[in-house]
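K.L.:
Quick note, the sequences are listed as chains L and C, same order.
For the first sequence, the numbering used here gives the first residue as 1, with consecutive numbering after it.
For the second sequence, the numbering used here gives the first residue as 1001, with consecutive numbering after it.
In case anyone wonders, no lab produced these hints; they're calculated from the structure.
We treat Cβ as the ideally placed atom computed from N, Cα and C, and that holds for glycine.
The reader is advised that the hints may include incorrect statements.
Label-pair distances were calculated between CB atoms; the ranges are [stated by the list, open to error]:
| # | chain 1 | residue 1 | chain 2 | residue 2 | range |
| --- | --- | --- | --- | --- | --- |
| 1 | C | Gly1356 | L | Thr82 | 46 to 56 angstroms |
| 2 | L | Lys96 | C | Gly1250 | 56 to 66 angstroms |
| 3 | C | Arg1031 | L | Asp93 | 29 to 39 angstroms |
Sample of chain L residues with no beta-carbon within 10 angstroms of chain C, all distances over it, derived [to be verified]:
| # | residue |
| --- | --- |
| 4 | Lys6 |
| 5 | Ser19 |
| 6 | Ser24 |
| 7 | Val32 |
| 8 | Asp39 |
| 9 | Lys42 |
| 10 | Lys46 |
| 11 | Glu76 |
| 12 | Gly80 |
| 13 | Ser99 |
| 14 | Lys124 |
Computed footprint of chain L on chain C, listed as stretches where at least three residues anywhere in the stretch have a Cβ under 8 angstroms from a Cβ of chain L [what the hints assert, rightly or not]:
| # | segment |
| --- | --- |
| 15 | 1023-1029 |
| 16 | 1150-1163 |
| 17 | 1354-1367 |
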Amino acid sequence: MAYSDKVLDHYNHPRNVGSFDKNSTEVGTGLVGAPECGDVMKLQIKVNPATNIIEDAKFKTFGCGSAIASSSLATEWVKGKTVDEALTIRNTDIVKELSLPPVKIHCSVLAEDAIRAAIGDWKKKNGQHSQPQPQAQPVEQRA
Amino acid sequence: MSTNVISGNGNKDVKLPIYMDNHATTRTDPRVVEEMLPYFTEKFGNAASRNHEFGWVAEQAVEQARERIAKLIGATSKEIIFTSGATESNNLAIKGVAEMYKEKGNHIITQAIEHKAVLDTCKRLEKYGFRVTYLPVQKDGRIDLDDLKRAMDDKTILVTIMTANNEIGALQPIREIGALCHERGVLFHTDAVQAIGKVPFNVIQDNVDLASLTAHKLYGPKGVGALYVRRKNPRVQLVAQIDGGGHERGMRSGTLNVPGIVGFGKACAIASEGMAEEAVKLAALRDRLKDAIMGQLDEVYINGSVEHRLPGNLNISFAYVEGESLLMGINDIAVSSGSACTSATLEPSYVLKGLGAGDDLAHSSIRFGIGRFNTQAEVDYVAERVVDTVKRLRELSPLYEMAKEGIDLTKVQWAAEPTH
Chain L
1 MAYSDKVLDH YNHPRNVGSF DKNSTEVGTG LVGAPECGDV MKLQIKVNPA
51 TNIIEDAKFK TFGCGSAIAS SSLATEWVKG KTVDEALTIR NTDIVKELSL
101 PPVKIHCSVL AEDAIRAAIG DWKKKNGQHS QPQPQAQPVE QRA
Chain C
1001 MSTNVISGNG NKDVKLPIYM DNHATTRTDP RVVEEMLPYF TEKFGNAASR
1051 NHEFGWVAEQ AVEQARERIA KLIGATSKEI IFTSGATESN NLAIKGVAEM
1101 YKEKGNHIIT QAIEHKAVLD TCKRLEKYGF RVTYLPVQKD GRIDLDDLKR
1151 AMDDKTILVT IMTANNEIGA LQPIREIGAL CHERGVLFHT DAVQAIGKVP
1201 FNVIQDNVDL ASLTAHKLYG PKGVGALYVR RKNPRVQLVA QIDGGGHERG
1251 MRSGTLNVPG IVGFGKACAI ASEGMAEEAV KLAALRDRLK DAIMGQLDEV
1301 YINGSVEHRL PGNLNISFAY VEGESLLMGI NDIAVSSGSA CTSATLEPSY
1351 VLKGLGAGDD LAHSSIRFGI GRFNTQAEVD YVAERVVDTV KRLRELSPLY
1401 EMAKEGIDLT KVQWAAEPTH
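Using the sequences provided together with the hints, build the complete structure.
P.N.:
Here it is as structure tokens:
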């Protein structure tokens, strides 16, 4: 299968790779997908409490090139937006930007879910009401 | 496709892209092509034309090829039936036996990690009232002979178990399977396409009654295969699945692909001569690749038996890295992955799932198929590229990070994927 130039660019030069301290109150973490399904995305946002603006974002993704590109793009897009603005990002926008073929649409859905899960986590930490979000939680059992 | 020459490990140059997917198909050996060419041009006759020189020349070439193929597998030439490839051979063997022996019984035994050409043929027969047992495989990809014994009953007419698996290269204990079948008066068919010309295979010693073969897996052309059908002890009969002019002893009608058959014969002749030596070379290259990868990366797992394995096969799961993303990172190397993303069905490899490896490791698997034309410099280049790419993708992987933090990934309650 041929990948679009934008997917290749994000795959070869992923933006905002990394992690924030997930215990910080400024940080919201979204972890979506499952290893058995072949994709897991972790997307984190760092929010300015005074302005509700997402000042920074990081991601890590286990998945195909399109999944990596979708989450890399998502971190670029959420930065500089308020959390409410970030919630308006739709998976279809990601599909369009990256020219994803139909078999890769689920990658964009997962990226949208990751944004929502990260914002949901941040809102929960900061006592704001939010809809429950699909999110994987590491059970506190450490090997 | 653009090709260029770059400097690999050491001072040897490797030409890109590198082909290391020799279980999918192989490059036709130039010696094979050379032998085929006249049969497209001046020797173009139909092997079934009995009344003129053109037909005789073609027929003679077909008979020489039949001898060469038979010799490689310890058969006689009258036991070789030409087909269009192994998919057709598998269909003919299984459906042909089922139809011929249906009065005797309606039970067929196969196993979980057969090629789809066998599994789907068996599924079709189930619709027609046959009973099929799909034996599980053990962690090493081989069946348990006790499972086979238990599965056999007085209605069993056929056991069909592959010689070598196309994904993990695992060699089944076919000699023991064949002996068990002969003890019980059950026919034994084996899909031998991956094994022929790679490991010793002899229909007499291995107690095989029917064997599916194809040319393009052993450096012959695509579109030509054969079915070995035993003629004595026991004499196997088949109901033809294609009706027509009664070619191939009435078992497979259709004008013979003479150039393809000539190439198939030549490929077998080359294999008969050089197989033992080539197997040593391929196993050494395979082990070099394995050692280079495993020496530089942790949490890398070999899928399938290490001991009972095709010499050129290496199937590895790279934990925490998804297969398609790895292929994307090594895009100047042609290999395959068991990842769902690379399959038409979006399901991870049923072969790897059959080993009980877990879907996550199936998603992370890469199959390397080393063949006659691969070099040590290529192996070194591939190892270097794979190691670099896995390291890079692990830095991107939330699973690797979690595992390093000490989180047991099997205990995490993953969110259900919304699209499933």
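K.L.:
Could you check the structure against the hints above and give me the numbers of any it violates, in ascending order?
P.N.:
3, 5, 7, 8, 9, 15, 16
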